[in-house]
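Using the hints provided, position chain C relative to the given structure of chain Y.
Residue numbers (the working numbering), protein chains in the order written: chain Y, 125 to 411; chain C, 882 to 1200.
Take these hints with a grain of salt, some might be off.
Computed list of lysine-lysine pairs in BS3-like fashion (alpha-carbon distance at most 25 Å, straight line) [claimed, not checked]: (1) Y/Lys284 - Y/Lys359; (2) C/Lys1040 - C/Lys1060; (3) Y/Lys212 - C/Lys1081; (4) C/Lys1081 - C/Lys988; (5) Y/Lys359 - C/Lys988; (6) C/Lys1193 - Y/Lys212; (7) Y/Lys287 - Y/Lys384; (8) Y/Lys212 - Y/Lys296; (9) C/Lys1193 - C/Lys1040; (10) C/Lys1089 - C/Lys1193; (11) Y/Lys359 - Y/Lys384; (12) Y/Lys359 - Y/Lys296; (13) Y/Lys296 - C/Lys1060; (14) Y/Lys212 - C/Lys988; (15) Y/Lys296 - Y/Lys284.
Derived by calculation from the structure, the hints in this document are not laboratory data. Bear in mind that the values here come from a model prediction, so they are computed numbers and not experimental data.
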Amino acid sequence: MLLQHLANGLLISGIYALVAVGFTLIFGVLGVINFAHGEFYMLGAFIIFFFAGQMGVSYYWSIPLSILASLMVGILVERTSIRPLLEKSFESMVICTFAVSMILMNGTLLIWGAEPRIIQSPLSAPVSLLEIAFTYQRLLVLVVAIAISIALHLFLQRTKPGKAIRAAAQNKEACQAVGIDIAQISRLTFGLGIGLCGLAGALVAPVYSVFPTMGQIAMFKIFAIVILGGLGNVKGALLAALILGLGESLIAGYVSATLKDGLAFLVMLFILLLRPEGIFGKAVRTL
Amino acid sequence: MKNRNLLYLSILALFGVLPLVGLSSYTLHLLIMIGIFLILSQSFNLMIGYVGLLSLATSAFFGVGAYISALLSLHFNTSFPLCFLAAGFGSALVAACVGIPFLRLSKHSFVVGTLAFLLICDLVSRNWTSVTRGPMGLPGIPSPRFHIPGLPAIAVTSKVSHYYFILILVCLVLFFFVKLIDSRLGRAFRSIRDDEVLAKSMGVHTSKYKWLAFTISSFMAGIAGSYYAHYILFVDPLIFDLYYLEVTLITVIVGGAGTIWGVVAGAFIFTILPEFLRLAGGLRLVIYGFILLLSIHLIPDGIGGIINNRLKRRRLVKA
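Chain C with its partners taken away, still in its complex shape:
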């Protein structure tokens, strides 16, 4: 266990000093995008990998978070920390409300229903022009600023400061995620994934835990969306495009649903890969489709699942 903590700390230290070696702002931008997609992917991973529910609404809550944050900061001049929290709790609140009917559905209808929610969000953002300005989007979102009493205000505007901000955020999310999965709550989640009827018969209040997981997952997607809005400084209805869902899906499935570090690896692969391939959007999504298709047939547990199985086997051989 000590070794593992040491490993985590050294990885963190490595990422901490990374900007000091003089990375280009383009590389920093990629790393920031990896961070954002990592949080979004873990939000999806919580549902499919640990509760066993395929929720296609994850990227909808990403957009809801972005819109809440953008609207608050533009119309009410709300400070960034407040916007950020409001986006997280706002998304969680929406999820808590729509989750009650959705989670009553059979797993088939749940998939279709969550997709419908994403489409409704898209329609609302396009047509509620008095609030969202429709397809024109909301430009001019301010960069994150922190006002701590007694200290000068910290403005996160440069790429390096954005990088450190998302690094801290990712660490917090991952720490929270690992703790959550190891807790009583996480065990309840996994029992639902493995066998819902059995879990129910053992006294696990399955519908309550499914609802909790849906809400927590949406909180994560909401804060990722909020930060995304304050990084790109612009939000429009394209945030509800299926593209975000597709990228999240491929990250989690190829990375390994139900493994934390596999999904981290997936986020790195699928943010960097297209940059190397330098592909146009259409061809990229065709290739992504093939990767997803091959992955679901050949490595259904993903990269993380394969590594976990190897480790388990080695431990069994040793023991």
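Chain Y on its own, in the form it takes in the complex:
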């Protein structure tokens, strides 16, 4: 049973990681706490439902369509709502993304209704390995999540745009001094974050049911993860996603299912109390 719980936890960790990395990158580069981030994850899942469930497109083709559609909504939001506010106060940006989240979530609710939707994937066949029951779909989620995490790490460490993203997160003035286009890097980061959300939504749709508030529920977990890992810290977010995913799965398996959702917030509260910069973050003096 332990192996089964660990495997389930690993799957959840993978999803959390995909969404949280984008969130923490956007915070690092743009300084935006994107309250609408979880809605793009939800959108990714619903677009899969639209293409694969309602239009009859095959699941594999629906994945790139879903990422593309989430990206388009993301770009629209960035252009119209986020970019004009970048120079304004941090609070107005929070309210702005909160409003975007209200629109996306309730809009989805209006279009598709509140009942949870099930999506069939060609990979739903069960598979058993070392007494762990799995479906190929879950295996796919896990493999993709790990592959993307490694690819992202290489992208951020080795490539020029990746280095520019890290530089922009550290010091914007110095970036401009050496000729890095901050506006372009911001757009790239935002697109990257939203694309990862769309992908996560698309992958998870056949595993769990799809419903309009799933983005909000994920969002709260993502908050806990980035607080745990330190706001803006990519490696911290990945590790925290792993810790939270495994922890939730073990608690749900051995203690109680209701305590599972509380874990994220309890962890978050304790981190905020004892180490506000996150366990993997550097200590920063705040006002």
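Frame of chain Y; chain C shown alone:
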């Protein structure tokens, strides 16, 4: 100044005689809801508009107040005035405790932390079934009753009596709020909002004042929640739903954070507007989202801020 007092008194008199012209109980219900949301919104306004902290826990303290009041009156038969005060001070006490760690955080983490507090309240109210009865909620909360020795007990049960009760409460809260903002304390709050580093260098004990504002704001939210529980006569975990936060947010931002009368106007607009539009919940929140989005882009100071700027300009032109 005299003119202004006269204006306030005539507005008060207008609202005082309003029920006498024979308003329907539905209109009275709307006015009562405006009163409740007005107090809740001013509680939020104190934090975002005067101290400059975005606290998403305001609606959590609204719920905490409602639950404290409901539990005391149901389990201990506590009289309404006691429940009401206990709800206010109980919420303030909770805020005073959680405020110490929260206010040490950076402003980014503060937003996330206060939201987490709201979610924890929701989880507790859903899962602590032996006390809160979980999603079934707490029905049968008694209406407010006042026992004054020597006089017959006053029971606030009809819509009209509820209306007068909330009218008095709103007047008290607004009076207290105006006095607070004009006081030494209010000036300290505003100095933190305008420039925290500067305020600190001028000897304003910023962390102490932020903590005080958080506590006072929670007291206001707590009494609003208590009255709400004794008006609706039912409390369930939905009181911690994001809906209350969203309505409070839009009321204060569109009304004008940092202006008292703008927020009053906001409370009227956003309680009456949905009734006129007769919208289903989903569409209403989509429209609210768009209004909030447009407001933050086009009128970041809100309605109250625009009017204040106009008045200031006119005064400058005259002078």
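Status of each hint after checking the structure:
1. Y/Lys284 - Y/Lys359: holds (19 Å)
2. C/Lys1040 - C/Lys1060: Roughly 30 Å separates the two Cα atoms, so the pair is violated.
3. Y/Lys212 - C/Lys1081: Status holds; Cα separation ~23 Å.
4. C/Lys1081 - C/Lys988: holds (16 Å)
5. Y/Lys359 - C/Lys988: Holds, at roughly 23 Å.
6. C/Lys1193 - Y/Lys212: This hinted pair holds, its Cα atoms lying about 23 Å apart.
7. Y/Lys287 - Y/Lys384: With Cα atoms ~37 Å apart, Y/Lys287 and Y/Lys384 exceed 25 Å; violated.
8. Y/Lys212 - Y/Lys296: holds (16 Å)
9. C/Lys1193 - C/Lys1040: violated (40 Å)
10. C/Lys1089 - C/Lys1193: Violated, at about 32 Å.
11. Y/Lys359 - Y/Lys384: holds (24 Å)
12. Y/Lys359 - Y/Lys296: holds (21 Å)
13. Y/Lys296 - C/Lys1060: Not satisfied, since the Cα-Cα distance of roughly 43 Å exceeds 25 Å.
14. Y/Lys212 - C/Lys988: holds (15 Å)
15. Y/Lys296 - Y/Lys284: Holds. Y/Lys296 to Y/Lys284 sits at ~16 Å (cutoff 25 Å).
Against the hints set out earlier in the document, violations occur for numbers 2, 7, 9, 10, 13.
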